[in-house]
Structures are given as C-alpha cells and as structure tokens.
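**Student:** Sequence:
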Amino acid sequence: MAPGEAKRTPAIPRRSASVIVVNPQNEILLVHRNPKSQSFAGAHVFPGGNYDSQQDDSLEITAIRELFEEAGLLLASSASLKLPSDTELDEAREAIHSQRRLFRDFLSHHSLTADVSSLLPFTQWVTPPTIPRRFRTQFYVAFLQSAPSTGFSAGGKQERLPTPDGGQEVIAARFVHPRTALEESRTQRIVLMPPQMYLLSTLADILQGGENTLAQRERVGALSRGLFGRMVVNPRPLPERDPEGRTILTYEGDETRGGKPGRLHRCHAKFGPGGTATEVVIQRNFDIFTGIEGHLFEAETAKL
1 MAPGEAKRTP AIPRRSASVI VVNPQNEILL VHRNPKSQSF AGAHVFPGGN YDSQQDDSLE
61 ITAIRELFEE AGLLLASSAS LKLPSDTELD EAREAIHSQR RLFRDFLSHH SLTADVSSLL
121 PFTQWVTPPT IPRRFRTQFY VAFLQSAPST GFSAGGKQER LPTPDGGQEV IAARFVHPRT
181 ALEESRTQRI VLMPPQMYLL STLADILQGG ENTLAQRERV GALSRGLFGR MVVNPRPLPE
241 RDPEGRTILT YEGDETRGGK PGRLHRCHAK FGPGGTATEV VIQRNFDIFT GIEGHLFEAE
301 TAKL
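For reference, each letter of the sequence shown is one residue, going 1 to 304 in full-length UniProt numbering.
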C-alpha cells in the first residue's frame, strides 16, 4: 500500500452460481462474455450469475435460471404432455432476464420442475479481497442424458441447443472438449479465468475421449460427494512474481498456506485491464481424491 493510501475495506462477496454442463461427447458448455460486460469481459466462462432473492429459492435455482438466460438451455422435467414451444421458451428467456417474469412462474405455468437433482456441487470460489467486485461462486457439474436437440428429450429433460442471449451478457455459446478449451487458452485464442482453468483441467483428466461413460460420471460424482466438492477456494497472491512476471495466486493447502513443504496448490497468471487473465498455469501436485486436507479449507473459510 502506498504511503498515505487509505486501507480499503474488502467488499462483501456476492453469492453466485455457475453450472458446468457436460454433453454425451464429453464436451463442456462455454459462453463467451460480452467484451463490454462489467464482470469477466471477453472471457469464456461457464454459464452463471448472481443469486437473485426475487427469482431464486436456492443457489441451485440460480444456476439453472442463469443457464437458461445465458444459453437458452433449460434443465427441467415436465409433468405435462403439452410442452412449451421454442417461441415460448425464447420469449420466457428474455422476459426472465429483463425481470418482467419470475422464473418460478414460468416453470409453474408449463408444469415444469427445475432439475436440481442433476447438479453436482464442484467447489466454491471466493474473489480475493483486493478486487472491488467480489463473488462467492458455487460451481456445479450437470451431465446431459442425451445429445442436445430442440425440444424435450425422451426422458423429459429440457436440452436445447445452446444459443447466446442476443449479446446482453453473452455473444457466443458452444460445447467444446475441455482439452480443446485448455489448448485454445494456451495459444491465447480464448481467455479463461483461473477458476475455469482449474476446473477444466480437473475434468480434462477424467473426461477422456469423445464419449461419456458411466465410470467417468461416477468419478466426477465421487469428487462432488467428497472433500473436493465441498472445497472453498480463497486465492491469495504471493508478494513476489514468477520469472515470467506472472502473479502467483496460492490456494488452501499450498506449502505457503498450511500445506507440507513442497506441496503446490497455486496458479500463475498475468492480469490485464479489467482483471482478465492470460498465460494461466495451474500447479497442483497432490491427488484430489485422497490428498485434500479438509481442515485447512475449513479453517480458511471460518475466517471469512
């Protein structure tokens, strides 16, 4: 802090939710944020947004509503033989986004139930206290049971082709294999923020190949039910930069955050105007199934 500079009180993180949608080809839904957005401008992220007490009964509903608003993909089951048309879905999507209609009213009107049971908790991330706009984001993973298509699938779950929201927040939406997304980030064709890079790297190790399998879904489910799924990550920068001039953000369990000597749980990245990240590298040299020290995360969370 510069001499005479007042110490700023950290902003309270806003509750938010984001869903990592995986299709049967092991591709993950990414949306390209509008370069003029207030948050994550120009970045590729998982669909998601802030909890809205007027719209949402839970963070699970936040995740499902935001997925519908940003990508037009609705995770829901139907108790009716008469299903909403594409036109009705598109009109509802725009009305909900503009706060002219409540998400719950739309679901009730069409005898739909949000498929919260499909959401697997997959870590929480808290924006560092030095950032003015802070979020406490609950991530989920959701597996689509069949290839996305217009209308409802035979199982009754709504899985439409993803589309952008007309540029309000999202200018593009597509399914891409996590390894492809990581390579596009490495070659600077897309921007991925550290949480997205971390979670894509985690899933890339599990979702091998181009066909989703029961064994892969079970491994993701095991992570969700274990300490990984409950992990709350509070990134903290080290005072020094790495040899390439990148900021080093440490996570709980790193050797500088209570972990054993030599244990690395951190991210290296360069941050440009607006906080967008480039040259992101994740370092994690322990087994996420067996090597997470839960007490370290619990202790850090208790301080918030």
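Among the hints, a few may not be true.
[Unchecked claim] DEER-style ranges, computed between Cβ atoms:
no., residue 1, residue 2, range
1, S108, R241, 47 to 57 Å
2, P10, Q283, 38 to 48 Å
3, Q283, Q208, 20 to 30 Å
These are computed hints drawn from the structure, not numbers from a lab. This one's a predicted model, so the numbers in the text were calculated from it and none came from an experiment. Heads up, the beta-carbon is just placed ideally off N, CA and C, and yes, glycines get one too.
**Student:** Okay, which hints does this one fail, numbers in order?
**Tutor:** 2
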